[in-house]
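**Q** Chain residues, written in single-letter form:
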Amino acid sequence: MTLHGLGKYKIEGEMNMWIYEKKLQYPVRVSTCNPKLAKYLIEQYGGADGELAAALRYLNQRYSIPDKVIGLLTDIGTEEFAHLEMIATMVYKLTKDATPEQLKEAGLDAHYVNHDHALFYHNAGGVPWTAAYIQAKGDPIADLYEDIAAEEKARATYQWIINMSDDPDLNDGLRFLREREIIHAQRFREAVEILKEERDRKKIF
Amino acid sequence: MFTTRKQYEPYASPFDPCMPIRVKTYVTPPNLYVGFQPPNLPQFPLHEALKKGTLWKMFYDPYYSPYEMNIKGDHQ
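Line order of the protein sequences matches chains A and B. So for the first sequence, my numbering puts the first residue at 1; every next one is plus one. So for the second sequence, my numbering puts the first residue at 1; every next one is plus one.
Calculated directly from the structure, the hints in this document are not laboratory data. Treat the numbers as computed from the prediction; the structure is a model and nothing was measured. We put the CB at the ideal spot given by N, CA and C, even for glycine. A portion of the hints provided could be inaccurate.
[Said to hold, decoys possible] Calculated Cβ distances over 12 Å to all of chain B for the following chain A residues:
no. : residue
1   : Tyr20
2   : Gln102
3   : Ala118
4   : Leu119
[What the hints assert, rightly or not] Covered by chain A, according to a simulated footprint, are these stretches of chain B (three or more residues, beta-carbon under 8 Å):
no. : stretch
5   : 13-25
6   : 35-48
7   : 57-69
[Stated by the list, open to error] Taking lysine-lysine pairs in the DSS-like style, the calculated list, with each CA pair at most 27 Å apart, reads:
no. : chain 1 : residue 1 : chain 2 : residue 2
8   : B       : Lys51     : A       : Lys23
9   : B       : Lys24     : A       : Lys153
10  : B       : Lys52     : A       : Lys22
11  : A       : Lys104    : A       : Lys22
12  : A       : Lys23     : B       : Lys52
13  : B       : Lys24     : A       : Lys196
14  : A       : Lys93     : B       : Lys6
This is chain A alone, in the form it adopts within the complex (with noise of 0.2 Å):
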């Protein structure tokens, strides 16, 4: 599924609008019924830097950074909710027909005796997802410097996840998502560059 942001409007309110397309922003293919996979990859959906933290994160600082870096923080924590949902899809993928026995050989018998087959927000430990891993200080810099810190967690997990993984299929994915996390730090380093520059300064390229 995809979602679009509609990022260029300043937020006021009843100008918070979202487009659903039923269709992933990139196709998640999966080579082989392998859960422990799946356990993995939750850490990218109710980990400290997963997809989960990244949307939240930054569609809840919107509201108090200066307006021209606001749209940048909508269309990426948009962004973050079609990756959530291609991770989702992957995990959802690895498990659905794997047998308690399989689970259980997973490592993921706790999980099967909470939640069945269903997903959850929790980590590659099976802690559960908590604000506390996200912060809103208000502080333009100090977030956009956390924002730019999570991208590059985010990727580093990634690398971590493919150094696990023997599924072609799905290691295509998972770098692509990865390439994402270099874009989103590279604009969020840009957003830094816009709010640090002086006024009535020409700007040198």
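Assemble the complex: chain A is given as a structure, and chain B must be docked to it using the hints.
**A** Coordinates of chain B only, in the frame set by chain A:
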């Protein structure tokens, strides 16, 4: 030659319990070096860009696991 992979050699003791990894590699992605994106950078064809995750050649920096590199002969 410029690369987005850097290496260092951590200290290895003669009594290390695990086989020491002599060289450690880490990633320094292209966004660290660019600042504001300059205008008129080279682009991928649109269809390729959708697959790669970026329109801009400068920011494309894929990561392969050591396992995949053995198969494909890719280098990081």
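**Q** Measure nothing beyond the straight line between the CA atoms of B/Lys24 and A/Lys196; if it is 27 Å or shorter, mark the hint as holding.
**A** Violated: B/Lys24 and A/Lys196 sit about 35 Å apart, past 27 Å.
**Q** Over 12 Å to the closest beta carbon of chain B is the bar; see if A/Tyr20 clears it.
**A** holds, 19 Å
**Q** Is the nearest Cβ of chain B still more than 12 Å from the Cβ of A/Ala118?
**A** The claim stands: A/Ala118 keeps its Cβ more than 12 Å from every Cβ of chain B (closest is about 29 Å).
**Q** Is it true that the CA of A/Lys93 sits at most 27 Å from the CA of B/Lys6?
**A** violated, 36 Å
**Q** Could you grab the alpha-carbon distance between B/Lys24 and A/Lys153 and see if it respects the 27 Å cut-off?
**A** Given pair B/Lys24, A/Lys153 holds - Cα atoms ~18 Å apart, limit 27 Å.
**Q** Over 12 Å to the closest beta carbon of chain B is the bar; see if A/Leu119 clears it.
**A** Since the minimum Cβ distance to chain B is about 24 Å, A/Leu119 lies beyond 12 Å and the statement holds.
**Q** With a Cβ-Cβ cutoff of 8 Å, does the stretch 13-25 of chain B contain at least three residues near chain A?
**A** violated (count 0)
**Q** Given the proposed pairing of A/Lys104 with A/Lys22, does the C-alpha separation stay at or below 27 Å?
**A** violated, 33 Å
**Q** Would you say A/Gln102 is clear of chain B, with no C-beta pair closer than or equal to 12 Å?
**A** holds, 22 Å
**Q** Is the Cα-Cα distance between B/Lys51 and A/Lys23 27 Å or less?
**A** holds, 15 Å
**Q** Given the proposed pairing of A/Lys23 with B/Lys52, does the C-alpha separation stay at or below 27 Å?
**A** Status holds; Cα separation ~18 Å.
**Q** Decide if the proposed pair is consistent with the structure: B/Lys52 and A/Lys22, CA atoms, cutoff 27 Å inclusive.
**A** holds, 21 Å
Hints 5, 11, 13, 14 from the list above are not met by this structure, while the remaining hints are.
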